[in-house]
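To convert, count from 1 in the sequence shown and add 169; that's my numbering.
Since the hints were made in silico from the structure, they are not lab data. Treat the hints loosely; a few may be bogus.
No farther apart than 20 Å at their CA atoms in a straight line, the calculated lysine to aspartate or glutamate pairs in the EDC-like style are these [what the hints assert, rightly or not]:
id: 1; residue 1: K330; residue 2: E353
id: 2; residue 1: K317; residue 2: E258
id: 3; residue 1: K421; residue 2: D388
id: 4; residue 1: K400; residue 2: E418
id: 5; residue 1: K361; residue 2: D262
id: 6; residue 1: K441; residue 2: D293
id: 7; residue 1: K248; residue 2: E282
id: 8; residue 1: K290; residue 2: E258
id: 9; residue 1: K400; residue 2: E328
id: 10; residue 1: K277; residue 2: D362
id: 11; residue 1: K330; residue 2: D296
id: 12; residue 1: K403; residue 2: E225
id: 13; residue 1: K441; residue 2: E385
id: 14; residue 1: K441; residue 2: E353
id: 15; residue 1: K348; residue 2: E328
id: 16; residue 1: K248; residue 2: D272
id: 17; residue 1: K400; residue 2: E416
id: 18; residue 1: K400; residue 2: E385
id: 19; residue 1: K317; residue 2: E282
id: 20; residue 1: K421; residue 2: E397
id: 21; residue 1: K317; residue 2: D293
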Amino acid sequence: MIRPDSEFTDLLRNNLRVRYDERKKERTGPAPIHVSDILPSSCIRKQYYSRVFPDEAPITDESIHHFVRGEASEFAITKLAKIGVAQAELQMDGIVAHPDIMDSTGDKTIIIELKDTVAGKRLDINDYTFRSYLRQLLYYLIMTGIEKGIISIRYNIRELKLIKRDETGEYYFRPNNAKSPGIESWSVNLPKDDITREILRNEMVLRKNILVNALENHDVTVLPRLTEPLKSNKCPSCPFYRRCYDEIENEKALSIAQQTDILDIRGTVDFKPF
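My request is simple: use the sequences and hints to build the entire structure.
Here's what the structure looks like:
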């Protein structure tokens with residue numbers, strides 16, 4: 170006899186919800202500013218609202234699912250790969266970070282970031298998700314003075330191709346020759362004398378300072394909103410959407426939002442996929 174067991178499902182869901190809620194509480198109020206809080210693609214306004222109005226961002230089954238998937242993938246790969254030290258704490262100018270792995274088995278220490286995605290395509294430098302992964306790793310390299318890092322991305326599903334998009338949703342198909350689930354890794358080198366280090370370090374400190382200033386003065390207007398194309402992709406589903414657009418950006422915030430991303434400047438990134 171086989172029957173649905175909603176009691177166990179509820180027990181499991183509630184236990185996972187408690188763990189996720191504990192992790193969220195580590196990022197409320199005046200808690201330390203983490204690297205993930207200040208990444209341009211993360212929306213610094215959302216980080217502010219999440220700390221000041223945590224009850225307005227309900228914990229959903231989807232958010233728990235993404236949390237568990239990421240935690241499980243990171244735990245399994247870290248344990249099975251038997252590489253380096255996991256989740257070492259870094260600090261710089263009031264910014265906290267916990268790289269997935271710091272490996273010193275060779276003659277030089279490297280930082281390894283493990284990423285897990287259900288994207289239906291392989292990511293590269295033209296994709297904003299990949300750029301977010303890259304920037305996070307670059308921030309870690311800057312905080313440590315280390316020159317080399319690795320981004321290792323685990324793809325959970327076979328490749329999908331977008332056919333069309335309309336008001337009812339998105340339509341995909343899976344080609345016969347679609348790429349299978351798997352892992353791709355990218356080596357990233359940032360020499361110690363590269364001017365990009367200083368530019369990104371200044372960016373990190375600026376974004377941390379304005380977030381701290383906003384929290385201390387209860388003034389979100391000093392924080393920039395996302396710009397296109399991230400704006401159209403992320404803002405409509407944000408739980409703070411209406412609150413955010415009722416509160417303006419001041420001139421400095423607008424100026425920061427319109428700054429050219431250093432990764433968009435020709436010659437900054439030497440990306441070779443083959």
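These are the hints, each one checked on the structure:
no.	hint	verdict
1	K330 to E353	holds (19 Å)
2	K317 to E258	holds (18 Å)
3	K421 to D388	holds (13 Å)
4	K400 to E418	holds (15 Å)
5	K361 to D262	holds (18 Å)
6	K441 to D293	holds (10 Å)
7	K248 to E282	holds (14 Å)
8	K290 to E258	violated (32 Å)
9	K400 to E328	violated (25 Å)
10	K277 to D362	holds (17 Å)
11	K330 to D296	holds (15 Å)
12	K403 to E225	holds (17 Å)
13	K441 to E385	violated (43 Å)
14	K441 to E353	holds (14 Å)
15	K348 to E328	holds (5 Å)
16	K248 to D272	holds (13 Å)
17	K400 to E416	holds (16 Å)
18	K400 to E385	violated (26 Å)
19	K317 to E282	holds (12 Å)
20	K421 to E397	holds (18 Å)
21	K317 to D293	holds (18 Å)
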